[in-house]
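Peer 1: This is what each chain is made of:
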Amino acid sequence: MNPSTNGTGRKTVGVLALQGDFREHREMLESMGHAVREIRKPGQLADIDALIVPGGESTTIARLIISNGFHGPIREFCASGKPVWGTCAGAILLAKQVDHLDRPGIEMMDISVHRNAFGRQVDSFEANLDVEGLDGGPFHALFIRAPRIDAVSFPAHAIAALEDGTIVAARQGNLLATSFHPELTGDTRLHELFLSIGRPPGVSAK
Amino acid sequence: MSQTGTWAVKVGLAQMLKGGVIMDVVTPEHAKIAEEAGACAVMALERVPSDIRKDGGVARMSDPEMIDGIINAVTIPVMAKARIGHFVEAEVLQALGIDYIDESEVLTPADEAHHIDKHTFKVPFVCGCRNLGEALRRIGEGAAMIRTKGEAGTGDIVEAVRHMRTVQDEIRRLQTLADDEIYTAAKELGAPLALVQQVKREGRLPVVNFAAGGVATPADAALMMRLGADGVFVGSGIFKSENPPLVAKAIVEATTHYQDADVIARVSRGLGKAMPGIAVSSLAEKELLATRGW
Chain G
1 MNPSTNGTGR KTVGVLALQG DFREHREMLE SMGHAVREIR KPGQLADIDA
51 LIVPGGESTT IARLIISNGF HGPIREFCAS GKPVWGTCAG AILLAKQVDH
101 LDRPGIEMMD ISVHRNAFGR QVDSFEANLD VEGLDGGPFH ALFIRAPRID
151 AVSFPAHAIA ALEDGTIVAA RQGNLLATSF HPELTGDTRL HELFLSIGRP
201 PGVSAK
Chain H
1 MSQTGTWAVK VGLAQMLKGG VIMDVVTPEH AKIAEEAGAC AVMALERVPS
51 DIRKDGGVAR MSDPEMIDGI INAVTIPVMA KARIGHFVEA EVLQALGIDY
101 IDESEVLTPA DEAHHIDKHT FKVPFVCGCR NLGEALRRIG EGAAMIRTKG
151 EAGTGDIVEA VRHMRTVQDE IRRLQTLADD EIYTAAKELG APLALVQQVK
201 REGRLPVVNF AAGGVATPAD AALMMRLGAD GVFVGSGIFK SENPPLVAKA
251 IVEATTHYQD ADVIARVSRG LGKAMPGIAV SSLAEKELLA TRGW
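Residue numbers (my numbering), protein chains in the order written: chain G, 1 to 206; chain H, 1 to 294.
Check the hints yourself; a few may be wrong.
[Unchecked claim] Some chain H residues flagged as far from chain G (calculated, every beta-carbon gap over 12 Å):
1. Ala-41
2. Lys-54
3. Asp-55
4. Gln-94
5. Asp-169
6. Ala-186
7. Glu-253
[Stated by the list, open to error] With a Cα cut of at most 16 Å, we get these calculated EDC-like pairs of lysine to aspartate or glutamate:
8. Lys-122(H) / Glu-91(H)
9. Lys-32(H) / Asp-102(G)
10. Lys-122(H) / Asp-123(G)
11. Lys-200(H) / Glu-170(H)
12. Lys-122(H) / Glu-141(H)
13. Lys-41(G) / Glu-170(H)
14. Lys-96(G) / Glu-107(G)
15. Lys-41(G) / Asp-260(H)
16. Lys-82(G) / Asp-49(G)
17. Lys-200(H) / Asp-180(H)
18. Lys-82(G) / Glu-192(G)
19. Lys-82(G) / Asp-135(G)
FYI, nobody ran anything at the bench for these hints, they're computed from the structure.
Ideal placement from N, C-alpha and C gives every residue a C-beta, glycine not left out.
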């Protein structure tokens, strides 16, 4: 049974719940009317339409991905074509190249990511961004000890950058990476964009 | 245009630590062991609480050189403790590039009347509490994260449980009150009215709430998560145990899988001796750390 085929647009979204702000994603998705599963074991990936790898500490989540047997299963989930989105730590884990991460993450996107690229916590910041494919004006983004996307290679492409050109969001087919935290803002547009991945053109999110 | 040091980014870092374990460390080597085990942050301090308890004397902010060493040893966030009311220690920690300051009752208080005005800092603060009123007073002063005080350095979880349950009970009680009864509730809690109203409306604290003070085993960590903690601090429980790397890793797994007794059973096997504990009930009133601060 695929819950996404019931015609209502209501999806079952998994949020990787090993560490990090998975409840913030959960609450936002539930406010949008979707069903949410907290994923702590690889077998739970079978029942979901899309997966979010949340913000948190990338070294911690990378260790828990390995110790809980998630490495292969998440890669297979990414390859299945279902939408997968990494926010901040999640974006680090999705990247094929990362500086200073001593464990393999998920390594599925052709992006190169620099951890803690803006400095320490006192340098964490808020800024407005234009995101490709997003209507309704700039997106107010929170960057917390955030990573920077240094390079994007085909078939990945950048979809948002800061004023100085620093890339902070990228898309590669069904995969999405943002170095900021839409789950902390109350603005659901990026979550809607994410869940529209794979939907035929012209079919609205509602 | 971008803005740093905002309330949202201060609270936001605590949100990123959720579901994780923050470990007390006194050397760069400890910090590396903690990071390797999966800590989501480390707390740099001069002595772990059980040694502070044993050695006595005045416990202060750590040596900046040691803090630098820890910052350079790991890529995870580094927290450090300042004495209650000692805003200059806090300024020093901010200057060193610490990611979070714990204004902590574990150190000897520098001011018995006033806590630090935490709004004036760019770096966020975490503070301890025993109840809702104390939590909201600290948030009113600018704390962007709260933890239970528990009774640090004892390995006895009883006070952390008491403090977590008390906060949750008082939140539930607020939600049963009529709007016109909230003023008296704020007076009785000794907490800012606007924050009391917000807690009644939302049914939870406005910031992340971790458990701290007495966590010594994987089951202790899971217990605190089950009682509603967003994550846990472990102090003496790791580096005063027989096998710190193994205990650290087990507590990390138990915090993730806090609802899964099979996982907690598996990771609890063969950990060696836990830290030697002291029952809080055997301590004299003047030996308690949780009564520091107001």
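Peer 1: Against each hint, give a clear statement of whether it holds in the structure.
Peer 2: Status of the hints after comparison with the structure:
no., hint, result
1, Ala-41, "violated (7 Å)"
2, Lys-54, "holds (31 Å)"
3, Asp-55, "holds (31 Å)"
4, Gln-94, "violated (7 Å)"
5, Asp-169, "holds (21 Å)"
6, Ala-186, "holds (26 Å)"
7, Glu-253, "violated (7 Å)"
8, Lys-122(H) / Glu-91(H), "holds (10 Å)"
9, Lys-32(H) / Asp-102(G), "holds (12 Å)"
10, Lys-122(H) / Asp-123(G), "holds (9 Å)"
11, Lys-200(H) / Glu-170(H), "holds (10 Å)"
12, Lys-122(H) / Glu-141(H), "holds (14 Å)"
13, Lys-41(G) / Glu-170(H), "violated (34 Å)"
14, Lys-96(G) / Glu-107(G), "holds (4 Å)"
15, Lys-41(G) / Asp-260(H), "holds (11 Å)"
16, Lys-82(G) / Asp-49(G), "holds (6 Å)"
17, Lys-200(H) / Asp-180(H), "holds (12 Å)"
18, Lys-82(G) / Glu-192(G), "holds (15 Å)"
19, Lys-82(G) / Asp-135(G), "violated (23 Å)"
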